[in-house]
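Taken in sequence, the protein lines are chains P and C. Under my numbering, the first sequence has 335 at position 83, and the numbering climbs by one with no breaks. Under my numbering, the second sequence has 65 at position 2, and the numbering climbs by one with no breaks.
Honestly, the hints are just simulated from the structure, not real lab data. A virtual CB, placed ideally from N, CA and C, is assigned to each residue, including glycine. Check the hints yourself; a few may be wrong.
Computed far set for chain P versus chain C, every beta-carbon distance over 12 Å [unchecked claim]: (1) Gln268; (2) Ser276; (3) Ser301; (4) Gly333; (5) Met352.
For each label pair, taking beta carbons as the anchor points, the in silico distance ranges come out as [said to hold, decoys possible]: (6) C:Glu124 with P:Thr271: 40 to 46 Å; (7) C:Thr79 with P:Met406: 28 to 34 Å; (8) C:Met113 with P:Thr320: 27 to 33 Å; (9) C:Ala125 with P:Arg277: 31 to 37 Å; (10) P:Ile316 with C:Met113: 34 to 40 Å; (11) C:Glu131 with P:Leu270: 16 to 22 Å; (12) C:Met83 with P:Ile296: 23 to 29 Å; (13) P:Lys385 with C:Pro115: 45 to 51 Å; (14) P:Thr280 with C:Met113: 25 to 31 Å; (15) C:Thr79 with P:Glu289: 39 to 45 Å.
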Amino acid sequence: MLDQMQPMIDTAIPGQSLTAELGSRPWTNPPQYGTVEEALDYYIPRLQSDEVTEQLLDVLEMGIPVTTIANTMQLGAVMEGKHTIDVGMLVLPVLVELIMLIGDTAKVKYTSGLEKDKEMSGTTVKLALERFKQEQKDDSMPEETADTPVIAEMREAADKRTGLMSRS
Amino acid sequence: MPLTNPSPILHQNINTVMKMKPEEKEVSANTLMGPPKRRQMNDDKRGDPMQPSRRIASYIEAIRQKREEITNA
């Protein structure tokens with residue numbers, strides 16, 4: 253809720269895209285590759301080249317998540333006018349898998365950066381916190397004692413429903 | 064919070080697409096007792112292997128198979 257109340261001052265102002273002449277930026281021109289297949293034909297040879305592979309493995313070893321690398325690659329290509337954002341979104345999962353394949357081939361330990369891993373770490377912390385809270389509650393709460401005969405009788409009487417509306 | 068990296072969500076979406084493989088159904092003739100043509104066309108679209116999501120799912124399946132071969136070897 254608090255996030256929604258904050259003003260978004262880091263976004264483009266209305267009409268900002270019209271401050272540069274149409275076609276002067278790569279992303280305002282028609283994309284070089286129109287389909288997913290064409291875009292993959294652009295990425296795969298690049299990723300397979302020795303130079304890029306070495307750099308990629310270095311980055312993976314540094315612990316940067318695969319998803320972040322793939323997204324950066326895709327965004328860079330959009331900025332260069334290689335493909336549209338739509339194609340970039342479609343290509344993104346394939347890029348993630350490709351980078352993981354390169355990492356596996358080179359036997360490099362990498363961070364995938366996928367949501368499941370984050371959820372796992374989040375839930376373990378949450379679970380630990382919940383257990384801690386539960387333990388604190390258990391310590392502060394007095395233990396339940398067995399009912400005395402009077403209380404037991406009262407409970408029985410309460411269970412026996414009488415009156416016009418009671419069901420027999 | 065604005066979304067800066069959509070790849071985990073997209074990856075999850077593709078995983079769901081891969082799980083939802085189109086079932087082979089008996090093709091009913093477009094007779095009086097058959098389903099309306101519009102519904103028939105929608106069903107065809109959903110299971111269309113040429114849909115971008117299905118195409119990407121097939122690429123990912125191929126890459127995953129290779130990864131499994133490498134990790135198991």
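message: Assuming the hint says 34 to 40 Å, is it satisfied by the Cβ distance from P:Ile316 to C:Met113 or not?
response: holds, 35 Å
query: Do C:Ala125 and P:Arg277 keep their Cβ atoms within the hinted range of 31 to 37 Å?
result: Since the Cβ atoms of C:Ala125 and P:Arg277 sit about 35 Å apart, the hinted range of 31 to 37 Å holds.
message: Tell me if the beta carbons of C:Glu131 and P:Leu270 are separated by a distance inside 16 to 22 Å.
response: violated, 50 Å
message: Verify the CB-CB distance for C:Met113 and P:Thr320 against the hinted window 27 to 33 Å.
response: Holds - the Cβ-Cβ distance for C:Met113 and P:Thr320, about 31 Å, lies within 27 to 33 Å.
query: Using the C-beta atoms of C:Glu124 and P:Thr271, is the stated range 40 to 46 Å upheld?
result: holds, 45 Å
task: Could you check the hint for me, namely that C:Thr79 and P:Met406 are 28 to 34 Å apart, CB to CB?
output: Given about 55 Å between the Cβ atoms, the range is violated.
- prompt: Would you say the C-beta atoms of C:Met83 and P:Ile296 sit inside 23 to 29 Å of each other?
  reply: holds, 27 Å
task: Please test the hint of 39 to 45 Å on the beta carbon pair from C:Thr79 and P:Glu289.
output: violated, 22 Å
message: Looking only at beta-carbon atoms, does the pair P:Lys385, C:Pro115 fall within the given range of 45 to 51 Å?
response: holds, 46 Å
- prompt: Is the nearest CB of chain C more than 12 Å from the CB of P:Ser301?
  reply: holds, 18 Å
- request: Could you check that no beta carbon of chain C comes within 12 Å of the beta carbon of P:Ser276?
  value: holds, 26 Å
query: Are all C-beta atoms of chain C more than 12 Å from that of P:Gly333?
result: About 20 Å separates P:Gly333 from the closest Cβ of chain C, which puts it past 12 Å; holds.
In terms of the numbered hints stated before, the structure departs from hints 5, 7, 11, 15, listed from lowest to highest.
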